[in-house]
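Participant: Protein sequence lines, in the order shown, are assigned to chains D and H. Residue numbers for the first sequence follow numbering that gives the first Met the number 0, so the first one is 0 and each next one is one higher. Residue numbers for the second sequence follow numbering that gives the first Met the number 0, so the first one is 0 and each next one is one higher.
Among the clues, some could well be false.
[As the list claims (entries may be wrong)] Label pairs and their calculated CB-CB ranges:
1. D/R81 x H/A12: 21 to 31 angstroms
2. H/S136 x D/V21: 44 to 54 angstroms
3. D/D49 x H/G125: 51 to 61 angstroms
4. D/D49 x H/L102: 36 to 46 angstroms
These are calculated hints, taken from the structure and not from any lab test. Beta carbons: idealized from backbone N, C-alpha and C, even for Gly.
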Amino acid sequence: MNGRSRIAAWLRFGLIAGAFLVLVFVPPALRGLLALLFPNGSNLLYPRADISLLVGEHVAMSAISSLLAAVVGIAAGITATRPWAGSFALVADRLAAAGQTIPPAAVLVLSVPALGFGLAPTVAALFLYSILPILRNTMSGLAGVDRDVVEAAAGMGMGPLSILFKVELPLAAPVIIAGIRTAVIVNIGTATIGATIGAGGLGAPIIAGLVNQKPSFLAEGALVVALLALVLDSLFAAIAGELPAQRATQRAAAHQAAAQAASTTTGTTS
Amino acid sequence: MIKFEGVSRSFGAQRAVDDLSLEVRERELCVLVGPSGAGKSTVLRMINRLVEPSSGRIMVGGRDVRSRRPEDLRRGIGYVIQGVGLFPHLSVSDNVAVVPELLGWERRRVEARVNEMLELVGLEPGRYGRRWPSELSGGEAQRVGVARALASDPPILLMDEPFSAVDPINRLRLQKEFLEIQRALRKTVVFVTHDVDEAIRLADRIALLRLGRLVQYDAPEVVLEHPADAFVAGFVGADRALKRLSRLSVRDWMHEARSARLDESLSALLCGEEGDYWWITDESGRLLGSLDRGLASCHGDIRELLAGQRTEDMAVSADANIRDALSAMLGSSARTIPVVDREFRLLGEIGLPDIERAAENGRVEP
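I would like the entire structure built from these sequences, with the hints used as guidance.
Facilitator: Dropping the structure here:
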């Protein structure tokens, strides 16, 4: 990604985030939008909680679970790829895959007896659900680091920790970040289910809309959730463009394209 | 400087290195050569403890390598590998700066050193310093690899097939440049290759390995002249007499040439009996061609006669080796060819008798 497209990625994020903030913190904006969608309706907005509060709950649930999943997933991924890890890699991968096989609704129901209603079981379900993409990407990102580079690092006198933090993780970062991005986006959507067991968040107007047959409540929740997912997705896209490993490969691609273009031009003129 | 004492290394049931004893002297360029599976890389990697010996002892600078922390040992030994192994997420400058930074040098000193190293390997720091490794050609990347290995000025340099991934033309150039650097810096170098020609070109001494055993350890001339056994003779090739010539420099075996400047008095000088030839140069001594006495001045315009000659193909550089000179001689079907410097100024000439003399006198005792 060259300088211009990096700026474009941040601009895109800024625009989407701006639209989102206006919708959430300027009440007439959301009301106006819903009025546009439902010209004949009245009492269009979900009355029991302010939208900004719902967004807050929703972001908290997703953030806590994603953060936990990132810490556990990356740590497990690093451990699994160490030379002394043995069969841990396989076990970790299987466990995480199993975690994703169970539908989140089932995890919610199953964890209510243990964790009660509300935020805790929702965070637990989201956490289990997001480990897999992060773990898998961490493992494949680290495994994809050129062995020559690691060997050169060791041969130059870097210790195992320096190699991990200065060489392997920076080089695997684009793949790891992509895993976190997937986890977070899926999380934002899945977190709406938490409303069924009283966790609040943007699922609340959706459930209420379904129960009370109020499509405008439903649209309110769904629109804001979708926009939130877009905000985070564009944020990750912009962050990914800043990673040195990413910039290096993209510069290389541009370099090759330029070289190729040059050779084809000389080819046609000669 | 580096000493192997009865070193063996097994991988499972396989013996990669078998009872190796070998000493590399200080400031010597030792080339480990042998077919694949000979254990060359394993030998090299035991010096900086990337591989540990199963038995035996390795001394570096008088100390057992196992008495030192691997990280400290390695920071004092430059290391260049086949795949270069540049850090793709760091700029060229940052790559070269890695070891000095590990050693905790202050920033200004690191920067100065990085620029110095890039200049040493022929890369302009202003142009190349901020590039990514992926933007370099194979030869450039390899140069950065050498610069990086030399950055902390380690007394020892280990090179594991550093030039084998580059095309033949660039490989020759890299070898030549590396020899120049080595002549200036005089490091203790252990260099692994499977290319006999590369070994002969670079080595002070060649260590020939086969199936983990040292078969012969001698100067290239000795290996070529007196191969230890049929395996060595076969490995260095049937053309080893020719290869020996490639160790000898044209400069040492050429002799003075009879030459004249291209000016008005030339006709008078040359118009005599036939049989002799003269090399003709311009005012600054650059070679223009050759003229036979008699034939030249009496039969037409001298300039015209010279214009038809392809001296570029015929002349050989004084820095070239005797083998190249012989090849040029055969190519131009002349028994004597002119020797020139880099500016194409005539320095002398070399003929078949000179080459025979070189082949005879260049002989070494076993």
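Participant: Each hint needs a verdict: does it hold in this structure or not?
Facilitator: Status of each hint after checking the structure:
1. D/R81 x H/A12: 21 to 31 angstroms: 27 angstroms, holds
2. H/S136 x D/V21: 44 to 54 angstroms: 51 angstroms, holds
3. D/D49 x H/G125: 51 to 61 angstroms: Roughly 58 angstroms apart at Cβ, these two residues keep to the hinted range, so it holds.
4. D/D49 x H/L102: 36 to 46 angstroms: At 59 angstroms between Cβs, range violated.
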